[in-house]
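**Q** Sequence:
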Amino acid sequence: MLDLVEHAGYLDDIVAVVTWACRERLTTAERIAATAASRRKLRHRRDLEAVLAEVGDGVHAVLEHRYLSGVERAHALPVGLRQVGVRRGRRTEYKDVYYRGYGVLAELDGPIGHTTDVDVRRDLRRDNADALAGQLVLRFGFADVRRRPCAVAAQVWVALRQSGWDGRIRRCAIRANCGSIATTWRAWWARCCAR
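152 is the number that the working numbering gives to position 152 of the sequence shown; each next residue is one higher, with no gaps.
What the hints contain is simulated information worked out from the structure, not anything from laboratory work.
The beta carbon of each residue, even a glycine, is placed where N, CA and C say it ideally should be.
Wrong hints could be hidden among the right ones.
Here are the in silico distance ranges between beta carbons for each label pair [claimed, not checked]:
1) Ala76 <-> Ala34: 16 to 24 Å
2) Leu4 <-> Arg146: 37 to 45 Å
3) Ala50 <-> Asp123: 41 to 49 Å
Subject to a maximum C-alpha distance of 20 Å in a straight line, what follows is the list of computed SDA-like cross-link-like pairs (lysine to any residue) [unchecked claim]:
4) Lys41 <-> Leu11
5) Lys41 <-> Ala61
6) Lys95 <-> Asp119
7) Lys41 <-> Arg23
8) Lys41 <-> Leu52
9) Lys95 <-> Leu138
10) Lys95 <-> Arg23
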């Protein structure tokens, strides 16, 4: 696996390899880190270490990595808890991102487990159960997080503000129009949602 990391062309490639291996339980972030530490030379070492830290915090896919870096960190949103287990009957459901204390969930729909009608119906049932339990569910796909991270951040910010978070959203350094998106959402929130 470290050979694949060394030949990776992009950070997403490193994230994909590492998260896949850990998600499939072929190895663990700790074992990868130990093996990497034993190599004197390793291309992309810093990126790998950062990805391993994220995997240790519950990042299981490229989409989840992009959400963490391009939405939460880039816009100074609180970092949510990842892969939080919720018992429903005899089953445990795992929430992608949970903002504890605010009742806000961000569900991230990548290509795994979100492509069939059965998957869509399961997600709808889960969202409805979460809503009935007093949780606000925001659902985003890969295109949202990749192409519109500032708008996603603004929506999460509005949901958190409605739930009592008093933090500020920050204009990211990635997109030139980020400030205008955040300003538009701030204006919308002030008009429609402010208490």
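**Q** Enumerate the violated hints, using their earlier numbering and listing them in ascending order.
**A** When the structure is compared with the hints, numbers 1, 2, 3, 5, 7 turn out to be violated.
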